[in-house]
Amino acid sequence: MNTPKIPKLPLILLLSLLITTTLLSLTHLFTPQTQTQAQARPNLRIRPGYTTYDTYLTHQLNKTLNPKLRKIWTTRDWTRKIRVFTEFFRSLINSNLLSNSSVALCIGARVGQEVHALRELGVVHAVGIDLVPHPPLVIQGDFHYQPFDNGTFDFEFSNVFDHALYPEKFVGEIERTLKPGGVCVLHVSVSKRADKYSANDLFSVDGLVDLFRVCEVVRVREIDGFGLDTEVVLRKKITQL
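Quick note, the sequence shown lines up with residues -25 to -1, 1 to 216 if you use mature numbering (1 follows the signal peptide of the UniProt record, and there is no 0).
Derived by calculation from the structure, the hints in this document are not laboratory data. Ideal Cβ placement from N, Cα and C applies to all residues, glycine included. Certain hints may be false.
To be verified - Taking lysine to aspartate or glutamate and the EDC-like style, the derived pairs with C-alpha atoms no more than 16 angstroms apart in a straight line are:
hint, residue 1, residue 2
1, Lys154, Asp124
2, Lys144, Asp185
3, Lys38, Asp170
4, Lys167, Asp199
5, Lys167, Glu191
6, Lys154, Glu191
7, Lys56, Glu191
8, Lys212, Glu150
9, Lys56, Glu95
10, Lys167, Glu197
11, Lys212, Glu197
12, Lys167, Asp124
To be verified - Cβ pair distances, simulated, as ranges:
hint, residue 1, residue 2, range
13, Asn71, Arg94, 14 to 24 angstroms
14, Asp170, Lys46, 16 to 26 angstroms
15, Arg58, Thr26, 20 to 30 angstroms
16, Asp204, Arg58, 15 to 25 angstroms
17, Asn125, Pro42, 28 to 38 angstroms
18, Pro111, Leu40, 12 to 22 angstroms
19, Pro111, Asn75, 14 to 24 angstroms
20, Val99, Lys167, 28 to 38 angstroms
21, Tyr120, Tyr172, 30 to 40 angstroms
22, Ser66, Gly126, 24 to 34 angstroms
23, Asp124, Val99, 18 to 28 angstroms
24, Arg94, Gly156, 30 to 40 angstroms
25, Gly126, Ile198, 38 to 48 angstroms
Using the sequences provided together with the hints, build the complete structure.
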């Protein structure tokens, strides 16, 4: 089984330069979003204020690179979040939606608590992506443009859908990199607005599900997960028309 390789990371002094250079090289792939298809959806609203993709990336990095937040994520939040993620993933294993043989991706994983939880449960072929890498659990990657081949993963998880400036691209990349029959699990908030770093607001599960083209809903349930209230599980169709 081919599994995603975790590349060696650069020296910490070069980290900011590497991130900036790589992300700016992707900005030509995107254009400023004004009255686009996503904004026209009644159940999904893109927040205004992002005149360029670089503006959006800079805003996201202000949170991701915040030294105080990163210290919290790797200290007092570390054990608590691993415990909660473990409970969520164990439920998926018990429902035969995830297994130890799954090649798994965690999208927008920050410092990788969800990746650690998966590996502790025996899902050893798990890796995360984020704008800022955190080795060895998380490699650098933009969820609007995943750095993986088509059909790489059996399982993809994310609780950062609200940070997607281009929800169609976010979902499209999941569907592209999932194997046929693969499972996608998204934790979202539909009952309240997310924080100031969110790029979109979701008003119903339909606003999310309608974005998928080659996946079908397996289940939707209420959860309590770090301010998110809904778990949506989808499976990629094995036969696509």
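Each hint tested on the structure:
no.	hint	verdict
1	Lys154 with Asp124	10 angstroms, holds
2	Lys144 with Asp185	13 angstroms, holds
3	Lys38 with Asp170	11 angstroms, holds
4	Lys167 with Asp199	13 angstroms, holds
5	Lys167 with Glu191	25 angstroms, violated
6	Lys154 with Glu191	14 angstroms, holds
7	Lys56 with Glu191	28 angstroms, violated
8	Lys212 with Glu150	10 angstroms, holds
9	Lys56 with Glu95	13 angstroms, holds
10	Lys167 with Glu197	13 angstroms, holds
11	Lys212 with Glu197	24 angstroms, violated
12	Lys167 with Asp124	35 angstroms, violated
13	Asn71 with Arg94: 14 to 24 angstroms	20 angstroms, holds
14	Asp170 with Lys46: 16 to 26 angstroms	18 angstroms, holds
15	Arg58 with Thr26: 20 to 30 angstroms	41 angstroms, violated
16	Asp204 with Arg58: 15 to 25 angstroms	19 angstroms, holds
17	Asn125 with Pro42: 28 to 38 angstroms	37 angstroms, holds
18	Pro111 with Leu40: 12 to 22 angstroms	19 angstroms, holds
19	Pro111 with Asn75: 14 to 24 angstroms	19 angstroms, holds
20	Val99 with Lys167: 28 to 38 angstroms	36 angstroms, holds
21	Tyr120 with Tyr172: 30 to 40 angstroms	19 angstroms, violated
22	Ser66 with Gly126: 24 to 34 angstroms	26 angstroms, holds
23	Asp124 with Val99: 18 to 28 angstroms	20 angstroms, holds
24	Arg94 with Gly156: 30 to 40 angstroms	22 angstroms, violated
25	Gly126 with Ile198: 38 to 48 angstroms	28 angstroms, violated
In the structure shown, a violation is registered for the earlier hints numbered 5, 7, 11, 12, 15, 21, 24, 25, in ascending order.
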